[in-house]
Amino acid sequence: MKKIALLLILTITLISCSSDDDSNTSQNASVTFDFTQNFNGSNVTEDDFGSAAVYTNAAGNFMSITKLRYLISRINLHKEDGTVISFNEYHLIDLETASSLSVTPPLQVPKGDYTGISFVYGFNEEDNISGEYNDLNAVNWSWPSALGGGYHFMQLEGSFDDTMGAPQPYAYHNGTARQSDGVFIQNFIEFDLDQNFTINGDTSIEIKMDISEWFKNPYTWDLNQYSTDLMINYIAQILMNDNGQDVFSLGDIN
Amino acid sequence: MRVPFRVAYWILGLSCLGIFAACSSDSENPEEEYTATPMPLTVPSIFEQFLLPPLIPGDNPQTVEGVSLGRKLFFDPILSADNTMACATCHQPQNAFTDSNQFSIGIDGIAGFRNSMPLYNMAWNNNEKFFWDGRAVTLEEQVLEPVTNPIEMHNTWANAVSSLQNHSQYPDLFLDAFGTTEIDSSLVAKAIAQFERTLISGNSPFDRYLMGDATAVTQSEINGFEIFMDEARGDCFHCHGNESNPLWTDNIFHNNGLDEVITDKGLGNVTGDPRHDGLFKSPSLRNLAYTAPYMHDGRFATLDDVINHYSEGLVYSETIDPLMKAVGEGGVHLTEEDKADLKTFLLSLSEPGFVNNPAFQNPN
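So the sequences go chain by chain: A and B. Counting from 97, one number per residue, gives the positions in the first sequence under my numbering. Counting from 19, one number per residue, gives the positions in the second sequence under my numbering.
So that you can see chain A by itself, here it is in the shape it has in the complex:
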């Protein structure tokens, strides 16, 4: 009887005290998403904001960046066997908030072979509900209800030199497009990035945004034409969506 009692105590103690540092033997691994940004391949961080760097877009505008925030939601990992691992989360990436650039969701994923990653840039129609997400409300991320409500998808701001060489502001803000009174076009983009990779242990996946893509392919964006008041500009909102299709790609996975 003593033996049984001792066994009982040991077992219970082990169960209750064991922490989750058993990832070596487990079938699951954690995934970290690293969000990086570049302009035509050259890295962009907060250090490059403002007067620190001048970029040239496809239209030949000289431009600086003073703010970049964007929303990513519904990240899925696609397994080779066809199953989908869904992170039912959203992430506001803000280049001025270091902690937002690298995200490790609590959900662990099965080890094995994968064929790609998909996610939504912005919120899809189902998720884009005004006032629904208190953390986004608190950082002033809402999109005006007269323009369809919900949330911003991106805020890219800075200065560019106009045709006279004088600095002018731009605010490339993207979200739901208002076509006419009460008629709104969902403006999110679904990304489906195919790439084979294997998860053997804890893995980091780099998701790259090439900022220069917002200004080309297919539409060569001249900031002299579209710089401010773009949220209320239906054509500008649709052009953003067209240009946005190739903005994200996968980087290092290891």
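What you were told as hints is all true, and nothing was included just to trick you.
Residues on chain B that point at chain A, a partial pick, calculated with CB under 10 Å:
hint, residue
1, Asn144
2, Asp248
3, Phe255
4, Gly259
5, Thr267
6, Asn269
7, Leu341
Quick caveat, the hints were computed from the structure, so don't treat them as lab data. From the three backbone atoms N, C-alpha and C, an ideal C-beta is built for every residue, glycine too.
Fit chain B to the known structure of chain A by using the hints.
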């Protein structure tokens, strides 16, 4: 050998005790921690619905005794070197806890160079940067500064603490609030911060409108809100909140086009980064009826001046925020009717019940 059920339960119970002892490591030295009476903040329903929970530091929970002590300290000139100036001297309840003077005058008769900030909703300052230039990183840290600032209370903390220690009531009040009669600057700051966190404003007419009371506002105020939210007209919402951000501020720092030549570097002084020169914290738009004059340096005496600035008074400087549009023309040139509506909307965010709240008045 079979273990009878009763014995098995008993063993189970014992083993559970063992687990508690084995797993918990930080309750080993059961030194009796004093706890005053908890007093959770009263969170307005509109904050509950849209915002994150209030930020309360783990080492300074809100308590009845702490708030009461903080309130007494806030209104007591004992913290100043010559016993003439309290926090409330420049943060008056009837002014939503700011000063109606452009610059407050310190105990030596020297004026400051920024307008005193109004105080409310401090537990929702999400990035926890206080002052116009964000130089304090917690509310407790903020409290420490005016006491020793030479152009404000011009005291030393040693002297302030000694005055409190030799006072007939304070040692007992600190005992009630913090379990010790040994006063120090950190406990003073904690008590005042607790009181300041109770200064919550979330029940203005426009709050009541947003929460479903259609009669709480006028048509002019609703028009004004539409101008506020219209990117082509007011475009105020990018820095000053919206119907889902009832703080009416983004708590972020901007250069809002006040000066061609930056003389007060603001955030740039704190970070040392020239890209931050001339940036100041967006203030909340609540209680504007009581908080004149406006801007970090109190340069505008009236709300009309403020609206005119954004409408046609913007000037360019290198760090100007891109959200300041049409700078070449001075701004977006609102019509007189739009300006009038915008002003009535802004005033609908003022809350008489906040400035008149008996719990916020001088207890001394």
